[in-house]
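Chains as they are written, first to last, in this note's numbering: chain A, 467 to 581; chain B, 467 to 581.
There's no promise every hint is true.
Distance condition first, Cα-Cα at most 20 Å in a straight line; then the derived PhoX-like pairs of lysine-lysine [to be verified]: (1) A:K555 x A:K543; (2) A:K500 x B:K555; (3) A:K500 x B:K543.
It is worth saying that the hints were derived from the structure and are not from the lab.
This is what each chain is made of:
There are 2 protein chains.
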Amino acid sequence: MLVLSPADTAACCPPLSREPLSAEQATQVAPLLKALAEPVRLRLMSLVASHPGGEACVCDLNDAFDLSQPTISHHLKVLHEAGLLDREKRGVWVYYRARTEALASLGALIGDPSS
Amino acid sequence: MLVLSPADTAACCPPLSREPLSAEQATQVAPLLKALAEPVRLRLMSLVASHPGGEACVCDLNDAFDLSQPTISHHLKVLHEAGLLDREKRGVWVYYRARTEALASLGALIGDPSS
DNA sequence: ATGGAACATTGATATCTGTCTATGTCTGTC
DNA sequence: GACAGACATAGACAGATATCAATGTTCCAT
Chain A
467 MLVLSPADTA ACCPPLSREP LSAEQATQVA PLLKALAEPV RLRLMSLVAS HPGGEACVCD
527 LNDAFDLSQP TISHHLKVLH EAGLLDREKR GVWVYYRART EALASLGALI GDPSS
Chain B
467 MLVLSPADTA ACCPPLSREP LSAEQATQVA PLLKALAEPV RLRLMSLVAS HPGGEACVCD
527 LNDAFDLSQP TISHHLKVLH EAGLLDREKR GVWVYYRART EALASLGALI GDPSS
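Whenever a hint applies, use it, and build me the whole structure from the sequences.
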C-alpha cells in the first residue's frame, strides 16, 4: 500500500535558490523542518538513521537522553507524523526507521548539491 | 574580516545518517533549522536566494507578503542572526544576501547527496 | 488469570514565538 | 533644519511547544 506522507512534499519543490517557493509549498515544507529543528529530535533522527540496519528500538533511544520516557515518545511521534520516521511494532518493542528518501529530498531542497 | 556565524556550524558535522550527532552538535545545528522552519522565513530565504544577483531589497520583500513591515523585519532578523542571510545597508535601502554555502552545508547534513 | 515490561496518551505548566501597533533611527531631499 | 521614506526596535498578546508526573494499553511470561 502506498501512503503519502507529509515528508513526500519535500520532493515537490525545486531548490530554494532556484525559484521562489509558493506560499503553499512553504506551508507544506516548513513542518518537516520544524520537526527536525529541535536538538533532541535532531539527535533522535541521527541516532535512528545511523543505527545498524537503519532502525532502532525505542528502548535504545530512551537511554541516550536524560529525559523522561514520555518526552522521548512525544518527539518520536512528531518525527513520525512529519513522515520522517516509520514506525513498526514487533512484539513488545517498537522500532523506528529513518525515511532516508525524505531526508534526501529535504536536503536537496535546502542546499542544492548540483548547482 | 572573517566572521564566524552560527551557520558555519552546519559544516562541522557528518550527515545525519553517517554517525549520531552529539548533544553539542545538535544544539548548534538546530537553530539553523529552526530559522528555516517557518513558512514566511522559508519563502523569504527562497525569495532572496533566487533573486537576480543573489540579493534582494527589503522593499521588494515586504510587498510579497500580506504581513506588516515589522513582522517581515523580524523574520529577516531571525534569518540574519542564524547566519543564513547577510545584511548590507546601501543608502536608504537594506539588502539581504543568501549565504548559499551555509544552505549547502546544511542541506548536505540533512540529506547526504553523495551517499 | 496475574504481573510486569515497553510505549503511548493525558493533563498541567512554564516558556517560546509570530503577529500587531506604536515608536525610534537613519538617510536623502526640499 | 524640517520632512518623508525605509527599516529597526519595543512592548503586548494569543497561540504553540517542550517537559513532566500520572495513567492507559498492549504484549509476553509465569
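Verification of the supplied hints:
no., hint, result
1, A:K555 x A:K543, "holds (14 Å)"
2, A:K500 x B:K555, "violated (31 Å)"
3, A:K500 x B:K543, "holds (18 Å)"
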